Amino acid sequence: MILEILAPIQTYLTVLLLFIAGLLWLLFRNKRGESNLKPLHSNRAYIILSFLMLPFLAGTFSFLSEDIALLAQTFLLLLVFLSLFIVLFKIHQKLEAERYKDLSDLMKPAKKHPIRYEFARTMILPELQKLHTRETDVRKKERQSSRKNVAALRKIKNKEKILEKNTADYEASKKLLTKQRATFTEKQEALTKKETLISRREATTKRQEQTQEKKQTSLEQLGKKHNQTQQDLNAREKSISYQERSFLQRTKDVSRKEDSIESRLSKIRSQESKTRETLDEAELLRKKYLKDKREMSYKKGTITTLESSVTTKEQKLEKALGSTAKKMHQLKEREALLDKREQRLNNHERHIAQKNRKVSRIEVQLQKKFGINALEDDDIGEILSESKTKKIVRRKHGRN
Amino acid sequence: MAATETLFWMNVGAFVCILLSFVYFVKVRDYEKSTFENSINVFLYGLLFVALAELCTILVMSETVYPSLLGALGLASYTTHLTMVATIGLLPLFAVCMLLSVVFARDAFELIE
Numbered sequence: 001m002i003l004e005i006l007a008p009i010q011t012y013l014t015v016l017l018l019f020i021a022g023l024l025w026l027l028f029r030n031k032r033g034e035s036n037l038k039p040l041h042s043n044r045a046y047i048i049l050s051f052l053m054l055p056f057l058a059g060t061f062s063f064l065s066e067d068i069a070l071l072a073q074t075f076l077l078l079l080v081f082l083s084l085f086i087v088l089f090k091i092h093q094k095l096e097a098e099r100y101k102d103l104s105d106l107m108k109p110a111k112k113h114p115i116r117y118e119f120a121r122t123m124i125l126p127e128l129q130k131l132h133t134r135e136t137d138v139r140k141k142e143r144q145s146s147r148k149n150v151a152a153l154r155k156i157k158n159k160e161k162i163l164e165k166n167t168a169d170y171e172a173s174k175k176l177l178t179k180q181r182a183t184f185t186e187k188q189e190a191l192t193k194k195e196t197l198i199s200r201r202e203a204t205t206k207r208q209e210q211t212q213e214k215k216q217t218s219l220e221q222l223g224k225k226h227n228q229t230q231q232d233l234n235a236r237e238k239s240i241s242y243q244e245r246s247f248l249q250r251t252k253d254v255s256r257k258e259d260s261i262e263s264r265l266s267k268i269r270s271q272e273s274k275t276r277e278t279l280d281e282a283e284l285l286r287k288k289y290l291k292d293k294r295e296m297s298y299k300k301g302t303i304t305t306l307e308s309s310v311t312t313k314e315q316k317l318e319k320a321l322g323s324t325a326k327k328m329h330q331l332k333e334r335e336a337l338l339d340k341r342e343q344r345l346n347n348h349e350r351h352i353a354q355k356n357r358k359v360s361r362i363e364v365q366l367q368k369k370f371g372i373n374a375l376e377d378d379d380i381g382e383i384l385s386e387s388k389t390k391k392i393v394r395r396k397h398g399r400n
Numbered sequence: 001m002a003a004t005e006t007l008f009w010m011n012v013g014a015f016v017c018i019l020l021s022f023v024y025f026v027k028v029r030d031y032e033k034s035t036f037e038n039s040i041n042v043f044l045y046g047l048l049f050v051a052l053a054e055l056c057t058i059l060v061m062s063e064t065v066y067p068s069l070l071g072a073l074g075l076a077s078y079t080t081h082l083t084m085v086a087t088i089g090l091l092p093l094f095a096v097c098m099l100l101s102v103v104f105a106r107d108a109f110e111l112i113e
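Just so you know, the sequences run in chain order R and A. Residues 1 to 400 in our numbering are what the first sequence spells out, letter by letter. Residues 1 to 113 in our numbering are what the second sequence spells out, letter by letter.
Just chain R, with the same shape it has in the complex:
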């Protein structure tokens, strides 16, 4: 109920407000003049605003029928907003063209556009002044900081030295890393190869699985056949069991024979062990023979060396024998001389022996005559025997 009363009041209010707005703008326009409204580019849109009350005003007329009023309202609304759109479109195009022109003028260095100077005055100059003040501040700060920087530079130099050391270490570690990377890449390549191999194997296993599935199906079919065959086999097994009983007796005989064969086999094994022992001994002898052979060959080598040394010694001995032959010849000459002297001595001895015999005869004659002791005779015999032995020794020396 309230809304129904409020609705026409609100429509009247809108018409009134729009009328006031349009009137205000038209009065303002008349007061200032159209040329003074240029700062606002879209002032024509505001003029259309003054016509916006018309459609709403047409809707409130009571002397028109409702349909005609609605038609008039919608038609006027369409007309007003179409005109607003056209006006705004034109303004936009005009402004865009002007802006394009201004921008193109700004791009040309030869033309001196007023906007340029204005831009320079309003925008760049204050910025430049700010920059100058900043520059002076920065210079002051730089002077202050330069003093601090000297100390800081020393510290930095020290740090640089440390850094250089660190960089050297880093380079060494880098080289190590490169080596490790190389190994890593090699391992990676190996892994990729393995992966490919695994993928191939997987493919093969899949194929095998498929084949196995096929085989399983075939096996199931075979299983059915197997059941049938098993039934046949059961019947056969019964017949075989009868035959087995008959075979059992025969197997007992065979087992007895097997026991006898086993006893023989044990004897043969003992003989085999003996023969193996003899063979081991033969092998040991063979090894000893080989050792002896090696020693012999080694001794032969030593003998050949000795022979060579002996030949050299023989040559020396021959030389020595040559010298000894000369000495022997000299010695023979001396012996001949000595033999002559011996012959003389022998002759002398014979002469002495003849004399002794004469003396002994004389002594015997004297004993017979005067009777001298038997002891004295023994002494004479000894003297005589001594003279004989001396003669024999001299003869031997003469022969040599």
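Heads up, some of the hints might be wrong.
In silico SDA-like pairs for lysine to any residue, Cα to Cα no more than 25 Å straight-line [stated by the list, open to error]:
1. R/Lys90 - A/Met10
2. A/Lys27 - R/Glu98
3. R/Lys179 - R/Ala168
4. A/Lys27 - R/Ser35
Derived by calculation from the structure, the hints in this document are not laboratory data. Note that the structure is predicted; figures quoted are calculated from it, not measured.
Keeping the supplied structure of chain R fixed, place chain A upon it in accordance with the hints.
Relative to the frame of chain R, chain A by itself:
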């Protein structure tokens, strides 16, 4: 029926014109001085309210022209409410916005001087 259909399409045309004028006014705003910014913004708000009111009237009229449209949107039972919202709320707001935009424009001109 034909009259209502023409009315419906005229309203649609008006709605499209409002939207286009809104878009171009936004574009023109970039070239305007900052002193007129408040006035233009209020004008744009007014256009937005008119566009909403126009949309409400289009939906109400579609009940007779395309009866299945409102049913599909689920607004069949809100037609009377839509007209009330448009007449009581949106259109007076539009009028207020227009008045305020004129006032702000006058103030901006005085500020420039």
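How the hints compare with the structure:
Under the criterion of a C-alpha separation no larger than 25 Å, the hint pairing R/Lys90 with A/Met10 is consistent with the structure, at around 23 Å. A distance of roughly 14 Å separates the Cα atoms of A/Lys27 and R/Glu98; the hinted pair therefore holds under the 25 Å criterion. As the CA atoms of R/Lys179 and R/Ala168 are separated by approximately 17 Å, the hinted pair is consistent with the 25 Å bound. Of the pairs offered as hints, the one joining A/Lys27 and R/Ser35 holds, with about 23 Å between alpha carbons and a cut-off of 25 Å not exceeded.
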